[in-house]
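Below are the chains, spelled out letter by letter.
There are 2 protein chains.
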Amino acid sequence: MRNLTEDKITEVVLQQIRTDNPRLRQVMTSLVRHLHNFVREVELTEEEWSYSIQFLTRVGHLCDQDRQEFILLSDTLGLSILVDAINHRKPAGATESTILGPFYRAGAPALELGATLAVKEEGEPVVVLGRVTDPDGKPISNALLDIWQASSEGLYDVQDPNRSEGDLRGKFLTNADGEYWFRTIKPSSYPIPHDGPVGDMLTALGRHPYRPAHIHFIISAEGYETIVTHIFVKGDPYLDSDAVFAVKDSLVADFVFNNSAEEAKKWGVRVPFYTVNFNFGLTPKFKPADG
Amino acid sequence: MRNLTEDKITEVVLQQIRTDNPRLRQVMTSLVRHLHNFVREVELTEEEWSYSIQFLTRVGHLCDQDRQEFILLSDTLGLSILVDAINHRKPAGATESTILGPFYRAGAPALELGATLAVKEEGEPVVVLGRVTDPDGKPISNALLDIWQASSEGLYDVQDPNRSEGDLRGKFLTNADGEYWFRTIKPSSYPIPHDGPVGDMLTALGRHPYRPAHIHFIISAEGYETIVTHIFVKGDPYLDSDAVFAVKDSLVADFVFNNSAEEAKKWGVRVPFYTVNFNFGLTPKFKPADG
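Chains as they are written, first to last, in my numbering: chain A, 6 to 296; chain B, 6 to 296.
Treat the hints with caution; some may be incorrect.
For chains that are exact copies, the list does not tell them apart, and a pair is met inside one copy or across any two.
Straight-line Cα separation of at most 25 Å, BS3-like style, residue types lysine-lysine; simulated pairs [claimed, not checked]:
| hint | residue 1 | residue 2 |
| --- | --- | --- |
| 1 | K270 | K253 |
| 2 | K176 | K290 |
| 3 | K13 | K95 |
| 4 | K95 | K143 |
| 5 | K13 | K239 |
| 6 | K271 | K253 |
| 7 | K253 | K13 |
| 8 | K191 | K13 |
| 9 | K13 | K271 |
| 10 | K290 | K239 |
These aren't lab readings, by the way, just hints derived from the structure by calculation.
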C-alpha cells in the first residue's frame, strides 16, 4: 500500500473496505468508485479540491436546529427527488410522493379536525378537505396527517421571528369515514434559503432559488406505507421550474376561490377564502407472507 | 420540469446548469452524473439518505480552527491522494508530493537555519539536513521550507493543550548552496482524530486510523513548482497501511541513530539523537513560452 499511482489508488482504497456487512460494502464501494471517477474525469485541481472542502465546511456550519443546508444541497442537486423516486415505485391508486425538504420537525401540535394550522392567521384563509383511502377506495380511519407549510410570506415558523414554534404545523387523524378537514392560510411560493453556499451554487449555475407554493404532508396509517408528499397550488408561476425538482401533476390542486359568507361561516373562516379538495391513497404494507 | 421519473431526473438537473463558465459546467455535470449514478446503482434507501445527511452534518460541525473533518474524510476515502497524483505528474528528478492533511496552518514562525521546531523539546532529538536543487542538481538558494509535524506523542500543536500555537512548526530559507538544516524531535505514528464521524466510518469499514510517523513540508521557490510532501520515518509499522494512503518509498528516510557526544555538541542537541539527510528536487514552473 505504497507508491499509489493514479491508476492504482481506487483499487487499493476499495481493498481497505473490510466490513462483513454486505450492504455497507456495496454502498461504500460504489461511492468510492464514483467519487474517484469524478475526480479523474474532470482532473480536479488542488484549488478546486480546496474550494470543495471549504464549501462543504460552510454547508456544515450553517446546519442547526432551524436550518439544514445539506438537505438543501441534496434537494437542489436533484438527489432527494431521485432517492424518493427509487424508493417509491408506486402502484396505481397510491398518491405520489415527493421530497421531505429541510423544514420538517417532529412534534407538530395534535389538532381536532377543522382546527387551523395558523396560530397567527395573517393571509388568505383556506379550507383543505378530503379522504384517505386504500387503492380500492376504501376509507382509512385514524390515518395520521402530519402537515407543515410556509406562510403567505414564504417563511416557515423556524425562519420567521414573528411566528412561534409549531405555527403552521399540525397533526390530524381521519374520522371513521377516512375524512379529514382543516383550516390554514394560503401558502406562497418562496426562495429556499439562498444566503449560504447552496445559494452561491445556484447563482453560479444560473439557477433561481424558488419553489412553487405547497403544503407538506406525511401520511401514515397502521398496515400502510407512509407517504411523504406535498399539495401544490395550481397556477403557481414556479410549477415548471421548482428549484428542487419536486413537482408532480397529480399533486397540483385547485385552490378554489369562494366568496360565500354562508359557507365561510360554516367553516369558521373569513371571506373570501379558498377550498381545496384532495384525496390521498395509501398502499398496504408489503408482508413477506404475500410474496 | 414536472413528473420527473427515475430515468429523466438526471438529464433535467443537468439542463439546469446554465452557467457560461465551461469549467464549472464540466465539473458540475460530472459531479451530478456520478452522484446520481451512485444513488441509482445502490438504490440508496431513504434511511441511508437520512443517515448520510446526518453524517455530513456531523462532519461539518466538527470543523473549526483546530480540526478539519472534511479533509480527514477526503484523505481517508483516498480522494486527497488521487487529486495529488493527478495534479503532480512529476518529471524525474522532482521530489514526489503527497497529501496536505488537515493540520497545516499558515503563519509558522520564521526560523534561522539550525534552529529547532520544538518549543517544548520533549522527545528524541533529531537533526534534519539536506539540499534543495533543480532537476539538474543545481542548488536553489532562498527556497522556503514550511514545516510542521506531530510530537512524540502523535499530537500537533492545535490538538495538544500542553503545546502553544506554532510549536513543532517553522519556516526556513535555504542558504546560498541550497542547504537547509534544522533541529526537531522525532515524530511518532499517530491515529488521525477518530472520535468523530470519520472515525466511525473507519471502524464500520474495519480500518485502523493510524498514520506512519512523518514530517510535513511545503517547499517553494521563485520560478519553481511548489511541492507539498512528507518525510516518513523508515521502519514505522504503519508505512504499509497508512490510513490516508499517502506513503511513497522515495519519501521514506532513514533516521540514523547517533550516540556521539561530539557530534551532538556540534548540532546543539542531547545524546542520543538522530540525523536525517534528505534532498528535495524542485521542477521549474512551466512557462507558456517554453511550449
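Verification of the hints:
1. Proximity of K270 and K253 under a CA criterion of 25 Å is satisfied in neither setting, with 33 Å inside one chain copy and 80 Å between copies.
2. Taking CA atoms no more than 25 Å apart as the test, K176 paired with K290 passes inside one copy only; the shortest distance there is 22 Å, against 65 Å between copies.
3. Proximity of K13 and K95 under a CA criterion of 25 Å is satisfied inter-copy only: 17 Å between copies versus 42 Å inside one chain copy.
4. Taking the shortest alpha-carbon separations for K95 and K143, only the intra-copy value of 18 Å comes in at or below 25 Å, while the best inter-copy value is 71 Å.
5. When the C-alpha separation of K13 and K239 is checked against a cutoff of 25 Å, the pair qualifies only between copies, where the shortest distance is 23 Å, while the shortest distance within a copy is 54 Å.
6. For a Cα distance limit of 25 Å, the shortest separation of K271 from K253 qualifies neither inside one copy, at 32 Å, nor across copies, at 79 Å.
7. Taking the shortest alpha-carbon separations for K253 and K13, only the inter-copy value of 13 Å comes in at or below 25 Å, while the best intra-copy value is 44 Å.
8. Taking the closest pair of Cα atoms, K191 and K13 never come within 25 Å of each other, the shortest separation being 57 Å inside a single copy and 31 Å across copies.
9. For the homomeric pair K13 and K271, neither the shortest alpha-carbon distance inside one copy (73 Å) nor that between copies (45 Å) is at most 25 Å.
10. For the homomeric pair K290 and K239, neither the shortest alpha-carbon distance inside one copy (31 Å) nor that between copies (60 Å) is at most 25 Å.
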